[in-house]
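Enquirer: Here are the chains, one letter per residue:
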Amino acid sequence: MIDILHHLLFGLQVAVQPVNLLFCFIGVLIGTLVGVLPGLGPVAAISLLLPATFHAPPVASIIMLSGIYYGAMYGGSTTSILVNIPGEAASVVTALDGYQMAPQGRAGAALGISAFGSFIAGTLAVVGLAFLAPPLASVALKFGPPEYFALMILGLTVLTFLAGGSMVKSLMMACVGVIVGNIGLDLVAARPRFTFGLDILLDGVGLVPLVMGLFGISEVLINIEEKLDRQTVFETRVKGLLPNRKDWQESVGPILRGSIVGFFLGILPGGGAVISSFVSYGVEKKLSRHPETFGKGAIAGVAGPEAANNSATAGAFIPLLTLGLPSNAVMAILLGALMIYGMPPGPNLISAHPQLFWGTIASMYIGNLLLLVLNLPLIGLWVKILKIPYPILFPLILLFCLIGAYSLNANVAEVGLMIFFGLLGYLMKKFRYDGAPLVLAMVLGPLLDNSLRQSLLLSGGSPMIFITRPICLAVFSVVLVILILPLLKLRKIPEERIS
Amino acid sequence: MSNPDRFSSIVCFVGGAMTALWSLKYGIGSFSEPGVGFITFFAGAMLALLALLLFFSSLREKGKTDGLRALWAGFDVKKVLYVLVLLVVYTALLRSGGFPLCTFLLLFFLFRVKGAYGIWTTLVVSLFVTAASYLVFQEWLQVQLPRGILG
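Which chain is which? The protein sequence lines are W and B, in order.
In terms of the numbering used here, the first sequence opens at residue 1 and continues consecutively.
In terms of the numbering used here, the second sequence opens at residue 1001 and continues consecutively.
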């Protein structure tokens, strides 16, 4: 306990260094901005800003990128409440009751409780992260390649299970991700793999062109053809941002429950902010004495999910920082970023780079405070930004993508690669294939290859190593259950029809 | 080809099968000594198998008879193609034409995509954004942007 407090103090010293404080501020500001702007989520924003961070100190960069992630959760609620357009997926549920509160003259209370709820949840989750990550990292030190391989397969399987739409399609995307992730020079045999004579592919497919294309360019292409309607912004002046006594009474329980639900679901691979906000909403509706008010402006329906999605962002850092396993697309990009900075995440990260680990955790606390200060007074500004017409906005997003991809290595070919992935992402969206499993598998691809080969070398070529080791057996059993679950669900349909 | 899933599953099947076959060429090795194409072989084969599963499950879906055209029905796909062409041309000309000129032209055409503003407004905004982005990225962030014909 004292050790943790000592480390947290050290983290605070790192986080309050002027450069880190500045990057934290920029991160949460950009995060709120992308959360506010529909069609530009944290994944796209982090992808766009990743190349810019290569010129900055790694700790400050990670602090900023993390700030974008949890900042977007704050910003997303503004659009949900005022426009009924969730700025990002985790705020979809907030729109159900938040938008209903706006015409009742309670938009201020909704925005206020979502900001306070997010702050409380974010703070609790940071404490949870500080206490849970170090012991998990010390357990993870005992893991060998077979355990890592099993955990990576579990991460991919859970993500495909929880991803929206067809699980088969998500698994297919995970396979594509593994293939794309293994393009390039094979380090063991020093032989090129799927490079087709192209020099640009020798180092593998870059994470930045891939994510910028899949999430940035494709989003613009989808929005261009969809014609977003931005004229429905809630016009009445937002007032009374401080929730009253009754609001607090109705919200304290949901905020605390949302914090816990969000934190633990955030840890799970594939869980993340979206799932946790939905689960929290379901829990609150079930526990409420007046479930009929949900969907008609119940403040608990805003407080719970907003707390949950913020708490989940902190929870998601646990598997990344302790095991080196990303639990969602944002974490996969952060994993790639850490590798580029020469700080591979894993059990050794805490001891090898304590300033990064504890500095990031402490910065999240400071970031949550900044967000609270930023969000309430600046709501008017966010509403104005919402009114920026898309014909002005999308060329700027595209320009940012183009410069970002080019600036990596001053190579035009990477820009071409990004456009290719942009087209691929657009088609994937059209045919309803989820991009998250592809990115996660792409990042994990080389690690999967390495751990699989090392495991087989360890066992002298026997795949039984994945069954004879207890942790592997347990993990693969869970994988099997997850894969079988949808089949059982499919079998149930005819029975229901019969009944 | 009436179902989009049927089309996409065939594309993925071909992609997966080709990856698996190509991995064989690289050499998949053995369990005791995995080769260069080991993991990509299994990933490709699994992709092909899952694509087959998707294909056959799409055959069983009776109600879903929308064609590929339905995916783009009611959408302005011409604008998407136009933007894609602009991006490709920009990429092809960036090195020779230089960042300032190519970016100005790209922005001018992109701002005109939705046709919401007049030519003069578009020209001024494009010029301003080009200058601002050049200043920020080239001068402040030290990104080496190509100068092309300007220099």
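Derived by calculation from the structure, the hints in this document are not laboratory data.
Glycine included, every Cβ here is placed at the ideal spot set by N, Cα and C.
Treat each hint with caution, since some may be false.
Stated by the list, open to error - Among chain W residues calculated to face chain B with C-beta under 7 Å, some are:
id	residue
1	I26
2	V168
3	N182
4	A190
5	E250
6	K384
7	P395
8	V412
9	K429
10	F431
11	P446
Enquirer: Decide, hint by hint, whether the structure agrees.
Expert: Comparing the hints with the structure gives:
1. I26: 13 Å, violated
2. V168: 5 Å, holds
3. N182: 5 Å, holds
4. A190: 9 Å, violated
5. E250: 42 Å, violated
6. K384: 18 Å, violated
7. P395: With a closest approach of 4 Å, the W/P395 hint holds.
8. V412: 6 Å, holds
9. K429: 10 Å, violated
10. F431: 5 Å, holds
11. P446: The hint is violated - W/P446 has no Cβ within 7 Å of chain B, the shortest such distance being about 9 Å.
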